[in-house]
Amino acid sequence: MLDTSIDRAARATPPAVARRIRGLSDRAIAWIFVAPSIFLLLAVNIFPLIWTIRLSFTNFRVNRPNAEVEFVGLKNYISVLTNGDIWLTMQATAHFLIATLVLQVLIGFSLAYLINKKFRGNDLWTTIIVLPMMLSPAVVGNFWTFLYQPQIGLFNYAVGFLTGTDPSSFSMIGDASLAPWAIVIVDTWMWTPFVMLICLAGLRSIPNSIYEAAECDRASKWRQFWTITIPMVLPFLMLAILFRGIENFKMFDLVVQLTGGGPGSITELTSINLKREAFEKWRTGYASAYAVILFVTVFGLASIYVKALNKVKQR
Amino acid sequence: MSMRKLKSVLAAGALTGILACGAATSAQAEDLTLCWAAWDPANALVSLSKDYEAKSGNKMHFEFVPWPNFADRMLNELNSGGKLCDLMIGDSQWIGGAAENKLYIKLNDFFDKEGIKMSDFIPATVTGYSEWPKGSPNYWALPAFGDVVGWSYRKDWFSRPELKAEFKTKYGRDLAVPKTFAELKDIAAFFQGRKIDGKTVYGAAIYTERGSEGITMGAMDVLYSFGFEYDNPKKPYELEGFVNSAKSVKGLEFYKQLYDCCVPPGSSDAYMSQNIDAYKSGQVALQMNFAFTWPGINADPNIGGEKSGYFPNPAGPDGKQFAQLGGQGISVVAASTKQKAALEYIKWFAQPEVQAKWWQMGGYSALRAVVEDPGFAKSQPYAQTFLDSMAIVKDFWAEPAYASLLQASQKRFHNYVVAGNGTAKEALDGLVSDWKDIFEDEGKY
Chain R
1 MLDTSIDRAA RATPPAVARR IRGLSDRAIA WIFVAPSIFL LLAVNIFPLI
51 WTIRLSFTNF RVNRPNAEVE FVGLKNYISV LTNGDIWLTM QATAHFLIAT
101 LVLQVLIGFS LAYLINKKFR GNDLWTTIIV LPMMLSPAVV GNFWTFLYQP
151 QIGLFNYAVG FLTGTDPSSF SMIGDASLAP WAIVIVDTWM WTPFVMLICL
201 AGLRSIPNSI YEAAECDRAS KWRQFWTITI PMVLPFLMLA ILFRGIENFK
251 MFDLVVQLTG GGPGSITELT SINLKREAFE KWRTGYASAY AVILFVTVFG
301 LASIYVKALN KVKQR
Chain Z
1001 MSMRKLKSVL AAGALTGILA CGAATSAQAE DLTLCWAAWD PANALVSLSK
1051 DYEAKSGNKM HFEFVPWPNF ADRMLNELNS GGKLCDLMIG DSQWIGGAAE
1101 NKLYIKLNDF FDKEGIKMSD FIPATVTGYS EWPKGSPNYW ALPAFGDVVG
1151 WSYRKDWFSR PELKAEFKTK YGRDLAVPKT FAELKDIAAF FQGRKIDGKT
1201 VYGAAIYTER GSEGITMGAM DVLYSFGFEY DNPKKPYELE GFVNSAKSVK
1251 GLEFYKQLYD CCVPPGSSDA YMSQNIDAYK SGQVALQMNF AFTWPGINAD
1301 PNIGGEKSGY FPNPAGPDGK QFAQLGGQGI SVVAASTKQK AALEYIKWFA
1351 QPEVQAKWWQ MGGYSALRAV VEDPGFAKSQ PYAQTFLDSM AIVKDFWAEP
1401 AYASLLQASQ KRFHNYVVAG NGTAKEALDG LVSDWKDIFE DEGKY
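Quick note, the sequences are listed as chains R and Z, same order. Last residue of the first sequence: number 315 in our numbering, and the count goes up by one each step with no gaps. Last residue of the second sequence: number 1445 in our numbering, and the count goes up by one each step with no gaps.
Any given hint could be a false lead.
As the list claims (entries may be wrong) - Computed from the model, here is a short list of chain R residues facing chain Z with C-beta under 8 Å:
#1 Val-62
#2 Ala-94
#3 Phe-155
#4 Gly-264
#5 Arg-276
#6 Thr-297
Said to hold, decoys possible - Below, computed lysine to any residue pairings styled on SDA-like, alpha-carbon distance capped at 20 Å:
#7 R:Lys-275 <-> Z:Pro-1068
#8 Z:Lys-1102 <-> R:Ala-67
#9 Z:Lys-1250 <-> Z:Asp-1186
#10 Z:Lys-1256 <-> R:Ser-177
#11 R:Lys-250 <-> R:Pro-137
Unchecked claim - A few chain Z positions that, by computed beta-carbon distances, are all more than 12 Å from chain R:
#12 Pro-1137
#13 Trp-1157
#14 Asn-1298
Note that these hints are calculated values from the structure, not bench results. From a predicted model like this one, the values you see are computed outputs, not experimental measurements. Ideal Cβ placement from N, Cα and C applies to all residues, glycine included.
Build the full structure now, drawing on both the sequences and the hints.
Structural data, given as structure tokens:
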């Protein structure tokens, strides 16, 4: 009998693991392998979430371990939703979110479009552009405070050099009208490369044959851009918006390093405000309700967005 | 007993004694951890504690956290019942919460047993760092480090003939240490933007930090002398008309004017370290800062020695003169399993000779025997200013809800002074409203 490669492969394939471990089905063995991950997920994600929801209905304060914990119903939720300061932080977060997303999508896509062209030094430029997103946000926040320093900061110097204004006459992080833009600029500087990379993946996934067909039909470059490039990159772009949107909704480290939420509360985003309630004022129950509201908001918006994204992909 | 036998008995006795002592030492020797902020005085305490280690056989470990994160980190530790710290040199405002929630152990019995008298310490430090409730003889800490907000100034600039002459012509008085806040602002405005030795300098470095407690410490330091009161002295927690009195409004307006006219560019988030940097780099003529910074300034090769002077907070418009208390007491953490050894450390630290050495090493002792010593005022260029300042201190709330009270003042003051939103009256009215809500939650009404 001929010893075919199929026979050799069949002989080399081990028998079902279950056959060797008596009494256990393959399904049971699969569960044994998956169980640690599920346990970890439950321990670090699901249990804290359930515990937070439970705490949100109480007056618990973690700094008063001896005080009696009372069930307060929806009081914490009502307090959060009727607190004017929280709505101001929501507004600040929304402004930050919209400004950063618009800038990052426009610049990120433009950079991807340029980098997608074949030119000398293409790889080197790609590496240089993605460098900022490899840095720690705390480090970025820290060194941008120096760049924004009115007396020695490079940013102020550059603005002064280009516009003729005195560099020490304005403070990006100390002026109430400039501070929101200061954090937008830094976040855009840091995370535009991320959007660019996703867009680049989208651009490179478009087959050349589509453009060649368009050329044969004598479609202009402008028409090719709007009818081929944009629709085919759109799902990638929407994915980048989703990632950046979720990330910036919970923005904390960069802004704390840059402005600490100031001047006043102009740049106090929801996550900074939540941290102050939870770990400075120690209003644990109240902060839990606040966190649940934020979670539901992000989860709800993200779910709607993902449905829209799927529709775009199916088109 | 023959001589040989006697020698054998003595040798055996000595050996037994050594073994017994060794056994006793190893039985009692503990590894103690002391938690404090990461700053110069903490380094001095590490050196000072070497004596304690040598005498007690205990090994000291230290956990120091930078000031901006100190409260977050250490209150987390205390609240969670953590066993990292056996001794805590905690901020004065923590005392209410730490006492009511039993995070520190009460020290009255220990003080009585060891003969440690609170009357031996500067009264303001006992009230500020040790007592809860305030004004009652319930002690939760031993005053460890006296501190107060005061001012350092460029004595060398003040003594320049051309600047003196120009100042006299402009303001009709000598360029000298200010006696009132109005005079201080004139001096700051005089130096603002001036060229000295070819370098642009500025008036004053003041506290404006948003994140932790900076702007509250700075604004309160000024507001007290203008007539600010935390509440009705006759009716606790009655805030209306005291926090937001016309005098308080004037004080806050003054602080904003000082910020607008006279700070270096980019001073929107400055606290202790930023002010030290501004002063040491020769940017400012005046610096608001806690007294702990003065030994470092005095020793600085560029601006120290005869180049710098020190003065306590000047008086407000009505001649009242107060200053913001800083400093901390040392407490034994209730969750510690080494409380006995921790108390031994406090007993050692309270000794007059240790306190005298503490002062020599850069720690501000709060022991009266040290600060009332006839040679104390002349022992350092800033010693008299420290004494004068400690005599006029006031402190922020030390209630269990102090953190919420502090966050409210941080937000209101920064919003008005730095962001320039609204008026001083609106800021203080808002503060009254915030504080009332907090006290209502606390069941004070």
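Worksheet item: Which hint numbers doesn't this structure obey?
Response: Result: hints 2, 3 and 6 break, sorted rising.
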